[in-house]
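Residue numbers (the working numbering), protein chains in the order written: chain X, 91 to 214; chain F, 91 to 214.
One or more hints might be untrue.
No distinction is drawn between identical chains; accordingly, a pair holds when it is met within one copy or between any pair of copies.
The list that follows gives simulated cross-link-like pairs (lysine to any residue, SDA-like), each with its CA atoms no further than 25 Å apart [unchecked claim]:
1. K143 <-> Q109
2. K143 <-> P163
3. K143 <-> S165
4. K143 <-> F95
5. K143 <-> N96
6. K112 <-> D123
7. K143 <-> H154
8. K112 <-> E183
Hints listed in this document are in silico derivations from the structure and should not be mistaken for laboratory results. If you're wondering where the values come from, they're calculated on a predicted model, not measured in any experiment.
Number of protein chains: 2
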Amino acid sequence: MSVDFNALAQQFCNFYYDQFDKDRSQLGNLYRDHSMMTFESTQLQGSRNIVEKLVSLPFRKVAHRISTLDAQPASENGDVLVMVTGELLVDEEQNAQRYSQCFHLIPESGSYFVLNDIFRLNYG
Amino acid sequence: MSVDFNALAQQFCNFYYDQFDKDRSQLGNLYRDHSMMTFESTQLQGSRNIVEKLVSLPFRKVAHRISTLDAQPASENGDVLVMVTGELLVDEEQNAQRYSQCFHLIPESGSYFVLNDIFRLNYG
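Extracted from the complex, chain X is given alone in its bound form (with noise of 0.2 Å):
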């Protein structure tokens, strides 16, 4: 299976944090329930409880900006690996939080779901 990585997971990403910033409660749909998030070192797996603890987040406005992402096949599967490192602005701070986080999309009818995520902040 070909698929442009590269493109695929930019698209991903920008869908991604798009929904994550106008409504994270819809984010469910990109999850599966073996889908595991690790959350500021919290384990989560399932879609439900991955996106119960995104909406109880203690802010109310969000807004994510990409600074790198880099992407690579993780199998032959079509499966692939994503890196973002980023910035992002919450309610009405004035000063951007760094994070890091890392996506393990697969591939399935013709759509990607996040079988892995992991998401930190960069305490600098």
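Given the coordinates of chain X, work out where chain F should sit on it, guided by the hints.
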């Protein structure tokens, strides 16, 4: 296959950075011909090219320090995904540089090799 992926990831990263800091020309055994590395947007494939790149980096002394390390199982075959954030100090520099790195580890004959490796310095 059951594996303590957190312990495995920690052990791998300790070994990797220890070897990197002592003599990075010896890291080739951890990669295979189809392994990929993205180093600050340069895409490399294969153990030889990866080690050549690492050896060519313009510093003599380097010391990595892990700040956060998160791991997840990345398949049913024992693959492990690791994301590290950390700091590194080169030569006689007084200020550490922050970095993010992602490893996709594949089990092989009782050990692991690196299929995917993505490295980025985090500029402030």
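Hint check:
| no. | hint | verdict |
| --- | --- | --- |
| 1 | K143 <-> Q109 | within (15 Å within a copy, 37 Å between copies) |
| 2 | K143 <-> P163 | between (28 Å within a copy, 20 Å between copies) |
| 3 | K143 <-> S165 | between (29 Å within a copy, 23 Å between copies) |
| 4 | K143 <-> F95 | between (28 Å within a copy, 23 Å between copies) |
| 5 | K143 <-> N96 | between (28 Å within a copy, 21 Å between copies) |
| 6 | K112 <-> D123 | within (24 Å within a copy, 42 Å between copies) |
| 7 | K143 <-> H154 | within (17 Å within a copy, 32 Å between copies) |
| 8 | K112 <-> E183 | within (17 Å within a copy, 42 Å between copies) |
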